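> Chain by chain, the residues run as shown.
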Amino acid sequence: MVAMDSVQKWFGKLHVLQDIDLQITPGEVVVVIGPSGSGKSTLCRTINRLETIDEGVIAVDGQELPKEGKSLAGLRADVGMVFQQFNLFAHKTVLENVTLGPIKVRKHSKADADRKAHEQLRRVGVDDQANKYPAQLSGGQQQRVAIARALAMEPKVMLFDEPTSALDPEMIKEVLDSMVDLAKQGMTMVVVTHEMGFARTAAHRVSFMADGRLVEENTPNEFFTNPQSDRAKDFLGKILEH
Amino acid sequence: MDEYLPELMRRLLDGFSMTLFLLGWSALFATIVGTMLAIFRVSPVPPLRAFGTSYVNIFRNTPLVVLFILAVEGLPTLGVAIPFEWFAVVTLSTYTSAFICEAIRSGINTVDPGQAEASRSVGMTFGQTLGQIVLPQASRAVIPPLTSVYIALAKNTAIAAAFGVVEATGQLSNLIRDFAPFIYPSFFAIAGGYILIVAVISGIASALERKLAVVR
Ligand SMILES: Nc1ncnc2c1ncn2[C@@H]1O[C@H](COP(=O)(O)OP(=O)(O)OP(=O)(O)O)[C@@H](O)[C@H]1O
Ligand SMILES: [Mg+2]
Numbered sequence: 001m002v003a004m005d006s007v008q009k010w011f012g013k014l015h016v017l018q019d020i021d022l023q024i025t026p027g028e029v030v031v032v033i034g035p036s037g038s039g040k041s042t043l044c045r046t047i048n049r050l051e052t053i054d055e056g057v058i059a060v061d062g063q064e065l066p067k068e069g070k071s072l073a074g075l076r077a078d079v080g081m082v083f084q085q086f087n088l089f090a091h092k093t094v095l096e097n098v099t100l101g102p103i104k105v106r107k108h109s110k111a112d113a114d115r116k117a118h119e120q121l122r123r124v125g126v127d128d129q130a131n132k133y134p135a136q137l138s139g140g141q142q143q144r145v146a147i148a149r150a151l152a153m154e155p156k157v158m159l160f161d162e163p164t165s166a167l168d169p170e171m172i173k174e175v176l177d178s179m180v181d182l183a184k185q186g187m188t189m190v191v192v193t194h195e196m197g198f199a200r201t202a203a204h205r206v207s208f209m210a211d212g213r214l215v216e217e218n219t220p221n222e223f224f225t226n227p228q229s230d231r232a233k234d235f236l237g238k239i240l241e242h
Numbered sequence: 001m002d003e004y005l006p007e008l009m010r011r012l013l014d015g016f017s018m019t020l021f022l023l024g025w026s027a028l029f030a031t032i033v034g035t036m037l038a039i040f041r042v043s044p045v046p047p048l049r050a051f052g053t054s055y056v057n058i059f060r061n062t063p064l065v066v067l068f069i070l071a072v073e074g075l076p077t078l079g080v081a082i083p084f085e086w087f088a089v090v091t092l093s094t095y096t097s098a099f100i101c102e103a104i105r106s107g108i109n110t111v112d113p114g115q116a117e118a119s120r121s122v123g124m125t126f127g128q129t130l131g132q133i134v135l136p137q138a139s140r141a142v143i144p145p146l147t148s149v150y151i152a153l154a155k156n157t158a159i160a161a162a163f164g165v166v167e168a169t170g171q172l173s174n175l176i177r178d179f180a181p182f183i184y185p186s187f188f189a190i191a192g193g194y195i196l197i198v199a200v201i202s203g204i205a206s207a208l209e210r211k212l213a214v215v216r
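So the protein sequences, as listed, match chains A and B. If you're matching positions, the first sequence starts at 1 in this note's numbering and goes up one per residue. If you're matching positions, the second sequence starts at 1 in this note's numbering and goes up one per residue.
For the record, the hints were derived by calculation from the structure and aren't laboratory data. Treat the numbers as computed from the prediction; the structure is a model and nothing was measured. From the three backbone atoms N, C-alpha and C, an ideal C-beta is built for every residue, glycine too. Every clue listed holds true.
Only some residues are given here: those of chain A computed to face chain B with a beta carbon under 10 Å: (1) N48; (2) R49; (3) Q85; (4) F89.
Calculated cross-link-like contacts (lysine-lysine; reagent style DSS-like; alpha-carbon spacing at most 30 Å): (5) A:K132 <-> B:K211; (6) A:K110 <-> A:K70; (7) A:K132 <-> A:K110; (8) A:K107 <-> A:K92; (9) A:K92 <-> A:K110; (10) A:K156 <-> A:K67; (11) A:K104 <-> A:K92; (12) A:K132 <-> A:K107; (13) A:K92 <-> A:K116; (14) A:K104 <-> B:K211; (15) B:K211 <-> A:K110; (16) A:K92 <-> B:K211.
Pulled a few chain B residues facing chain A out of the computed Cβ check, cut under 7 Å: (17) G114; (18) A118; (19) V122; (20) G123; (21) T125; (22) Q128; (23) I133; (24) P136; (25) Q137.
Please work from the sequences and hints to get the whole structure.
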């Protein structure tokens with residue numbers, strides 16, 4: 001569903017993505033984990049070309065990412081993205097946030113889009129907030145709306161970049177629960193997160209990233225109990241101390 | 001006095017009609033061109049961005065009087081034959097659009113880049129992202145700097161007087177020439193007219209700002 005082949009990217013002198021090869025099959029849930037600054041966000045953002053790459057190939061559902069313009073927009077419509085900072089459209093209600101893409105991009109009628117939006121909002125448990133503005137919601141509610149907004153486009157893949165890092169602890173669970181449900185329903189997902197609970201329950205695979213490289217890949221269980229590389233051992237040692 | 005007052009009224013009306021003519025057309029054209037330039041400057045297309053940047057650098061940094069001279073002397077050599085007041089409109093629009101562009105661009109820059117990223121990631125095109133997400137959120141931040149630009153434009157129309165367009169300031173010179181003893185009343189009448197125009201612009205701006213404030 002997602003195929004990254006020898007991908008290279010530089011930010012000036014910084015070689016932020018080095019030789020990235022990543023194949024994700026339909027329905028697979030991949031958790032990307034690694035120290036701060038290792039390039040996880042950048043990796044995630046190249047998959048819908050919010051960041052361009054310098055070398056290599058990225059394909060989604062067999063189609064290489066278009067460079068720009070309408071075809072790129074079309075591809076992005078098929079790739080859902082959930083941001084750390086939610087990024088809900090601040091001047092639109094929750095319902096409008098979810099219907100905007102289906103109406104403007106998918107050209108659905110407003111009635112159709114409204115109906116499906118309520119379905120998605122119900123799925124993540126925030127349908128009762130439909131007429132509020134984002135600023136009136138808690139962080140956890142906003143992030144669930146953001147998930148509903150992405151789902152309303154009926155994407156083939158969902159990308160999550162640290163979706164719970166900006167949340168208070170009591171809200172993390174409600175967002176993770178929505179994501180676990182999504183995983184169980186067979187959505188293909190790339191999730192940058194340090195939530196090991198999520199990785200253990202929902203992920204098929206953990207990819208460990210350090211210094212712009214995918215250093216180690218394994219099942220969650222193997223990775224957390226028996227990491228192979230020194231980088232991974234060191235990293236897990238640090239996050240397990242807390 | 002008997003002669004002065006009716007003449008003052010007539011020339012005030014004539015003068016400010018011309019001032020408003022210059023202001024209205026220049027504001028319209030400058031807003032259209034300035035908005036397009038701002039869109040160029042934030043677009044993903046490098047040549048458009050370069051064009052927008054050069055335009056702004058050239059016309060914002062050239063004194064308005066120099067542009068007037070260029071228009072009045074230069075355009076006729078290119079075969080452009082239009083009435084003087086339209087030379088003034090062309091010059092004022094060209095100059096002011098550079099400032100409008102920058103006012104709009106500064107408003108766009110107040111919008112969190114995450115908003116545009118979220119919009120692009122649901123598959124909206126550059127135009128949709130701008131029209132649906134960025135500009136509506138920039139609109140409130142844009143009003144104060146735009147208001148300053150329109151006020152400056154209202155006053156800049158006076159420069160046309162030096163190029164033979166008899167607008168309000170031109171009428172003031174004529175009044176002083178024809179009615180030398182009444183120099184102060186003439187001055188205050190004309191100045192009052194400009195103050196009124198500026199007050200109206202500011203009033204519209206604050207009404208708009210209040211209206212946009214309740215949207216969220
Ligand atoms: N637009 C940019 N321009 C220049 N350098 C950048 C840019 N974005 C990120 N970087 C740098 O690239 C490196 C990788 O950044 P990235 O955000 O992908 O890391 P990350 O693994 O997501 O880190 P974190 O866990 O802190 O979110 C960092 O050193 C960062 O400073
Ligand atoms: Mg990151």
